[in-house]
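Visitor: Sequence:
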Amino acid sequence: MITDKLLVEAPDSFQRAIPIAAPVSGKCASLSTLSDPLFAKGAWGPGFAIQTSESKARAPFEGTILAVDPLNYAITLKSTFGLKCIVKFGEQTNGLMGEKFQCEVKQGDKIKKGSLLFSVNSAWLKQQGVANICIMSVLNAQALKGLLPTQQKYVDGMQDSLFTLFL
1 MITDKLLVEA
11 PDSFQRAIPI
21 AAPVSGKCAS
31 LSTLSDPLFA
41 KGAWGPGFAI
51 QTSESKARAP
61 FEGTILAVDP
71 LNYAITLKST
81 FGLKCIVKFG
91 EQTNGLMGEK
101 FQCEVKQGDK
111 IKKGSLLFSV
121 NSAWLKQQGV
131 ANICIMSVLN
141 AQALKGLLPT
151 QQKYVDGMQD
161 SLFTLFL
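Heads up: the sequence shown at position 24 corresponds to 24 in the UniProt record's numbering, and the numbers run straight through without jumps.
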């Protein structure tokens, strides 16, 4: 299972350690706490959720936009060093038809760390019963030696690492 890539400490040997910035500020949570079974069971790969009061998500690294999925409030990115991940806002958003999702990028765009990916109307989403959670999952974790989550309970978007990748 892909979730076996989650580490409790750095591996004994690795070629490179890469810190990955949090796309938003907020309280860190395990994917297993989510109600969406695909994320909770790690079907999309290991990652983390951030309970946030922010309405804007930023690129956690430099790279390229692989896909934009407004119906799921999600963007798939690929870093310059090969990491593929999904950044998603909220759970069970596909019934909302992308309403109040303002995408700032399109497929193929080159992005810098900190580039605005999308914004949402978090107050409206809350009225629709969608929690203010930003989810980030690593899609190609099999290429990693492991992924070490932050030990912080709260992360500051673009300032703190959400996790460190080991190649």
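Hints are not guaranteed to be accurate.
[Claimed, not checked] Straight-line Cα separation of at most 35 Å, DSBU-like style, residue types lysine-lysine; simulated pairs:
#1 Lys153 to Lys84
#2 Lys153 to Lys41
#3 Lys113 to Lys126
#4 Lys110 to Lys126
#5 Lys56 to Lys100
#6 Lys27 to Lys41
#7 Lys41 to Lys78
#8 Lys106 to Lys84
#9 Lys112 to Lys27
Please keep in mind that the hints were generated in silico from the structure rather than gathered at the bench.
Visitor: Hint by hint, work out which the structure violates, then give me just those numbers in ascending order.
Guide: Per hint list: zero violations.
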